[in-house]
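Protein chains: 2
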Amino acid sequence: MTMQENAESLLVGVDVGGTKIAAGVVDARGQVLSRVQIPTDTDGAEKTLQSIATGIVETMRAAGVEREQIRGIGLGIPGEVNPESGVGLFAANLHWRNVPVKRWLEDALGMPCAIENDVSVAALGEHLYGAGRTERDSKADTMVYLSLGTGVAAKAIIGGKLHRGSHGLAGEIGHTVFVPDGPLCACGARGCLEALAAGPALAKRAREAIQAGHVSLLQEQDQATLTAHHLFSAIAQGDNLSRQIVAGAATHLAYAVYLLAMTFDPQVIVLGGGLAHEENPLIEGIRAGVAQWIERSPVFRVIWHANMLRLTALKRDVGILGAAALLADGETV
Amino acid sequence: MTMQENAESLLVGVDVGGTKIAAGVVDARGQVLSRVQIPTDTDGAEKTLQSIATGIVETMRAAGVEREQIRGIGLGIPGEVNPESGVGLFAANLHWRNVPVKRWLEDALGMPCAIENDVSVAALGEHLYGAGRTERDSKADTMVYLSLGTGVAAKAIIGGKLHRGSHGLAGEIGHTVFVPDGPLCACGARGCLEALAAGPALAKRAREAIQAGHVSLLQEQDQATLTAHHLFSAIAQGDNLSRQIVAGAATHLAYAVYLLAMTFDPQVIVLGGGLAHEENPLIEGIRAGVAQWIERSPVFRVIWHANMLRLTALKRDVGILGAAALLADGETV
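Residue numbers (the numbering used here), protein chains in the order written: chain A, 28 to 360; chain B, 28 to 360.
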């Protein structure tokens, strides 16, 4: 392939996280040609932007491509952004407030940049390259992406476009109160879905139960580093406490899936995030909970179909591919 | 105004109900030039279509306009429709299944027709002509319409367009279960919002309480014709039972408003339908319930603003104006 053939056909996708930055070169067919991961320097916005720029330059070098071949750079930011101005408005993990990401990177690198919220980016990535495909292998007109990981958040693609809402907060099911007076959430409310069913919530519930004297295989684990994945492993070994905690969270998440289906009437709901990379007891519990809603609600039965709920197809590449999707043809948002 | 100036600048909007058909001529500025109301003949689809055609012809005569001045006819149907084919798929009150509304009326009247579900039509009407306006007097990019009457249903306008979803069922909050094992809903599920908070549900709850021996001013009313409006009047006279029933329904509706706001992040939420034509104890209860969610949820506080929740501006004309909006410039859906 000559440089000429390749001119401006490639994209760089950057997944900016609180601890690490993953950057990749993506071709027109959605293939990731290089993956580079570097630590996020959070010692001030300037340093963070410099580490992002370093990741971009390194992944281009790893893919063996020149600046002239790159059409643009897309970035997924863990927080609130203004996609028009390209300003990172607020990102707790990056300690960002009103950081002019787009301007800084375009000045530094001389390539067009686009930024979006990381969950939105993941939704766009699954829609364009991943699980958001209908039976006839076309992109779903209406798709809901539900991220299950250290947080819980949803984003909808409607009419093929990301639905942001007035403040970019559309799909904030994670901070919707499901249990008034439930456990305190990081957002300040009580009983949000995220406080009931995100990974850290499961681990916290297990730690508290063990401290309260419940017997569990999880007692053998270091309590400080307990994760939802430890609960999944314990369930495989017959641990009752883990089973109960995961089942409780799955019930809430199944209600969220039901609500999102009733609200958006989508073709596809994609479960993404670290807790949905493969089938596990949480996913099984969600499927079981959804089956109960199918049983109960005739309207839901019309909306639902056997292939509606899917796990992420892009898994760990969703951040890179989704960020690239910000600049892909027909996916400008 | 000469006929020439007026050529094809007018629309006919038809609100097809189970008991009556309202038809009106609407001008380019959204003024209703004539209103005709006739009974719906539900003795077979052919008869119903004939009564619709009669209503259209009569309202044109009432407005003094000729066929040549009419650009098209929009119809709101109380049920499921296919807007592309113009087929009324299912309408319980009309006893319709797969009725070729568009083809029949276009053949009979020689004017282009468009059909949509009646709640969708109301949402489009409020968006184009009514309460769906932002502060700067432009149309809301994202607007949610929540209909409160004999049924409860929501429809969202996203990016200025009606969001239908895969089956035209997007926004089915009315048939979303809020109270598992709650009262039986007409849809077959238990504890749907509609079974908890629609007009007939309020009247039913009052009747049941009175039969069970509760004391209420409503005992003076004919129990068979009791409506939510009787409960509102009784509350004004200090009736405790009515107050409790309406407050309970308002709590569920406030949660629905909260859910819709968190899901769509809209600029505007319009309450329409017969229970939202003016301030009343149900609306007051919804506002009070929303105030509690504002108190509880920091994310909701970002999404919410003082002028978010509005009552219908079009009231009884919403069906005519909304149906006309199906064919208005820039509002094709």
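Everything labelled a hint here was simulated from the structure, so no lab data went into it.
Treat the hints loosely; a few may be bogus.
Said to hold, decoys possible - Partial selection, computed: residues in chain B whose CB lies under 7 Å from chain A:
| id | residue |
| --- | --- |
| 1 | V114 |
| 2 | F117 |
| 3 | S165 |
| 4 | T169 |
| 5 | G192 |
| 6 | S193 |
| 7 | T290 |
| 8 | D292 |
| 9 | I321 |
| 10 | S324 |
| 11 | P325 |
| 12 | V326 |
| 13 | I330 |
| 14 | W331 |
Bear in mind the structure is a predicted one, so any value in this text is a computation, not a measurement.
For glycine and all other residues, C-beta sits at the position ideal for the given N, C-alpha and C.
Violations among the numbered hints: 1, 2, 3, 9, 14
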